[in-house]
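So the chains spell out like this:
Number of protein chains: 2
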Amino acid sequence: MIKVNGKRLISDLRALAQFGKTGHGVHRLSLSQADISARAWLLQRMTEAGLEARIDGLGSVVGQTPGVSRAVLIGSHTDTVPGGGWLDGAMGVIYGLELARALLETGDTAAGGIDVISFADEEGTYANTLGSRYYVGAVTEDELRSAASVGGESLSDALKRAGYAGTRARLDRNRHLAYLEAHIEQGPRLEAEGKRIGVVTGIVAMRRTEVVFHGQADHAGTTPMRLRKDAGAALFTFAKATTAAFRSIAASDTVWNFGRVVFEPGAGNVVPRKASVLIEYRDPDVEVLDAMESAIGDAIEEVNAKGKVRGEAHRNFDLPPARMDAVLAAAIEQAAGALHVPAIRMPSGAGHDAMHLAQHLRTGMLFIPSIGGRSHDTAEDSTEADIVLGANVLAGAVQSILAAG
Amino acid sequence: MIKVNGKRLISDLRALAQFGKTGHGVHRLSLSQADISARAWLLQRMTEAGLEARIDGLGSVVGQTPGVSRAVLIGSHTDTVPGGGWLDGAMGVIYGLELARALLETGDTAAGGIDVISFADEEGTYANTLGSRYYVGAVTEDELRSAASVGGESLSDALKRAGYAGTRARLDRNRHLAYLEAHIEQGPRLEAEGKRIGVVTGIVAMRRTEVVFHGQADHAGTTPMRLRKDAGAALFTFAKATTAAFRSIAASDTVWNFGRVVFEPGAGNVVPRKASVLIEYRDPDVEVLDAMESAIGDAIEEVNAKGKVRGEAHRNFDLPPARMDAVLAAAIEQAAGALHVPAIRMPSGAGHDAMHLAQHLRTGMLFIPSIGGRSHDTAEDSTEADIVLGANVLAGAVQSILAAG
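Quick mapping for you: the protein sequence lines, in order, are chains Z and P.
The first sequence begins at 93 in this note's numbering and counts up by one.
The second sequence begins at 93 in this note's numbering and counts up by one.
Extracted from the complex, chain Z is given alone in its bound form (with noise of 0.2 Å):
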């Protein structure tokens, strides 16, 4: 019986956030100073609970339970965003690493052991979850050459900088039974609906499309009404229409966002000349998604039918969907049930390291609540009580899948 010891796993949480701490939260980006430290300080403390540890030649950390030929895999990735929370990636990891302890202190690895892994980049300082795409062979040696932080400096460059030069982890299908992430849920709807855990059933799909009003900049005192090509009425009359229709396409974890708008050139007396617009749209289900890029598409064509701005889309990130493993899921459900904790099934809407997992391997995700739905910010966090119950919770999933085998 896996017994999480939730001071312990507090205290390394805690330590782990003293690694670029600022105010509340913590800035550690990818190979800065405060990652490396961070990720020898993770080094150190998964050595000293009796794993076989090593970083590889891209930062990853990754530690095996020794002596065994099956282990769970559980993981998650220590780097932040600028000015990001203490939980975010830190607290899947720093579960592993408790977990794996907490197996090796029961001195009993027969059904299988516990390897953590804290993923290279999974913030994008140089490459979008590099460490975890790397690991299921989904990155190539181009972009491993190419890969530069916005600074400028190349990823080569900064491996070599950290002195990461060893062999470059790899999924290992024969000694992998699956993999487990936990993750604050980064929004607000446990909190809201009065929920502990979150059982992920998938990771939504998610689209970008990027629209453009192509009109004329005239004087917004000399120039009629009439006689204008109005590339920000466009946008407006565009956006309404759009609006109304994924209202009505939308399922019940649709989600779209209208996140910028930029009107060219911005003056208060000059005829907006060029407007666009960056729509981010998710679901887990992609003809959702096609649907509401119709209905993009219909949108624009009724303005250009106008005949006097010209609208167009281009479809600039298109992500699939990662389904979680009914299993896996149904183990996590089971084991909140098993402590009374009240949980729902949900969707992610953000994108994890498990989404490339999931494509490989079968895959299990659980959220814990985001104290008022904060998220990549400083002000990021979720309560003691509700950080230790997850570990206790995926602790459960982990014993009924090695029992399962």
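You can take every hint at face value.
Copies of the same chain are indistinguishable here, so a pair counts whether it falls within one copy or spans any two.
Lysine-lysine pairs mimicking DSBU-like chemistry, simulated, CA-CA at most 30 Å apart:
no., residue 1, residue 2
1, K287, K398
2, K400, K287
3, K99, K113
4, K287, K95
5, K366, K113
6, K332, K366
7, K99, K287
8, K332, K400
9, K113, K252
10, K332, K398
What the hints contain is simulated information worked out from the structure, not anything from laboratory work.
Just so it is clear, the structure is predicted and the values come from calculations on it, not from any experiment.
Given the coordinates of chain Z, assemble chain P onto it according to the supplied hints.
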């Protein structure tokens, strides 16, 4: 009988356009070297024409018909916006020069003379319509002390650099019978309606209102639609309601522009925390602007009533209307009629030095067509035939004004 020399008029305009020439247009910011050189050239041309001319302490170039106690004042400005047109402002000044010169050539100034002025800094490199506002006593010493360019140079340093230190010119009510300003239309209306002269009835009133919505930044993947406080969506709703209200309020000459829209933080995956829009609206009638401003407030209240996002409006600019003198307008219209030129009465949707003069002296304006309505652009243009025709119409008007006394 004042006889306009069309060739000389075009030749002077082409000569002036060499100062700061860029492509088809002119880049001649106030107190730039090109502007200083252009003013020196203009001073010389005025003097050669027989005017008593000087550059005043703010850079306004003034030329007076000698030996008269009464005169019609004709002018505009010779500075330009960045990358502006060759006629905007310049044409009104060179009309003055040509008409004053042609009057002196008649040898008959018994009915009065023509004074010419190129007002300093109409385009506001240091202070908007500086010369004309100072001329009518609407600039404080405080403003003169604090005025500076975007580049950080103070007006007083720039004036020292230019060597402008003379007495600053002021309106002389005992001398000046009227102020006349000719200008390209800066809009497409004359061309669209097949007219060659616009008789300006007034310069419209204008307001600018900045509307800001405050919501909450949230992860656009993990936050259900119903739990969002989306400042951007609120702005779209507001824009739709406001546009509909504006359409029902609008009189024949009402115009408005949603020219600048900013979403913050402006990322695809973050629900907009803040969204703002700058609305500019113009009409000859202040009551129409009052109704539009009320409609803005009503639309904000509608959004606020939903209790998710809080909107607020700031009026940050309020320009009163300027009425053109009816007798002068009739004189311009009759002069056009005498030449069998198709003319229409129309308001000016753009501001001009004339709007300040009109508060203190009876004022008239005429427009000639802008090809394609282009303005504040190097592509700005008019035909030479229309330029010469405008000068002939103005000459006819001046003659009747002088005759009336």
